[in-house]
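Hints in hand, dock the two standalone chains.
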Amino acid sequence: AQSVTQLGSHVSVSEGALVLLRCNYSSSVPPYLFWYVQYPNQGLQLLLKYTSAATLVKGINGFEAEFKKSETSFHLTKPSAHMSDAAEYFCAVSDYGGATNKLIFGTGTLLAVQP
Amino acid sequence: DAMVIQNPRYQVTQFGKPVTLSCSQTLNHNVMYWYQQKSSQAPKLLFHYYDKDFNNEADTPDNFQSRRPNTSFCFLDIRSPGLGDAAMYLCATSGGSGGRNEKLFFGSGTQLSVL
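Protein sequence lines, in the order shown, are assigned to chains L and H. The opening residue of the first sequence carries number 1 in the working numbering; numbering runs sequentially from there. The opening residue of the second sequence carries number 1001 in the working numbering; numbering runs sequentially from there.
Chain H on its own, in the form it takes in the complex (with noise of 0.2 Å):
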């Protein structure tokens, strides 16, 4: 029933190594998120797609790229993982057409680890 995956659950990364974090949707949903959170942080937008509309957030670093090659993958790659970037990482579908009133779904997340 699983409706958003997010794989692998938890990643190790070394200091500087690229990394891709995967999700995936049986939705058919238009919009995917990606949240990065920090321990005993809030969940903060990096960026979304509506479709093959790439939406960066004002301040997600530079390092954080994202590809969308269909309607059901999303990735998030971090060029080049520093410390900081440490933190689950939150994927999440809506439908599109509600705006504000959306309501999101969610993945269980990847923990990433930087070595």
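Chain L extracted, bound-state conformation (with noise of 0.2 Å):
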């Protein structure tokens, strides 16, 4: 079975500093991963998404990750952290099988930015 661990349910960081959100996951099979965010009073939107391809993926807002089969990981990074960026934010792994994506959630993580 699938599942995805968030370590950090909380994490602050000054503007400007680096963010780094972690999530190891478990699967018996290739994962799918995918980073979704979610600010105040929205849905979930995806920021990014490994499927296979290139190891290193970029997403939107300036996030990237990278997918290491080695160490289970697919942490979520950032250079510089924004006031904007202030947001909950969930990893997630595909669940196998069958022709729709269900998704598996880790916990997720609050990031706050401090100015």
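For the record, the hints were derived by calculation from the structure and aren't laboratory data. Quantities reported herein were computed from a predicted structural model and do not represent experimental measurements. Ideal Cβ positions, reconstructed from N, Cα and C, are used throughout, including at glycine. Any given hint could turn out to be false.
What the hints assert, rightly or not - Here are some chain L residues the structure puts well away from chain H; computed CB gaps all over 10 Å:
#1 V13
#2 S14
#3 E15
#4 A17
#5 L20
#6 S26
#7 S73
#8 H82
#9 M83
Stated by the list, open to error - Covered by chain H, per the in silico footprint, the following chain L stretches (three or more residues, Cβ under 8 Å):
#10 44-54
#11 102-108
Dropping the structure here:
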């Protein structure tokens, strides 16, 4: 069965500092991995996805994530945090099988950006 | 521009009183999903529709039902809400042709309180 674990339910960084949000996965098949962001009072939006092509994936708003099979990780990074990045971030893995994309989410990481 | 719309944003019901949450989409997507997100927990898939085909997750309680009268609308019915059903309910859609590679589009969610 597939699962993801997000380390750190709350992360606080200063504006301009590196953002690092951690995600580890468990999968019995080659995983499809996703990062979604949820701004206050909004739905989840796709930031980026890994689907077995390039291991370094670039997403929207300057975020990127690197798939590391040896570490079973898919950490999300951004070189320089902006105040507008404050949100909750969810890592997810796609459940295997079928024509639909059933996502299994982590518990989320709430990112705070301090001025 | 809203593509997946959930109403209402906040819903209060009484213990044991049936409640219906609604979701509509303007994307003409084949697949619609319902997720339950309890406080500080990962969103959990309850069920999904591929067109008119209903797919229930194995551990979704019988208390939860769903209807999809047409492509645009999907409803979540909770027959006898308990205190443990208080949560954010997220509706999402996907096209239905890309399988595990597909992007999901989420609504803003309905926060359900049970008194």
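> When the hints from earlier in the document are held up against this structure, which numbers fail?
Replying inline: none
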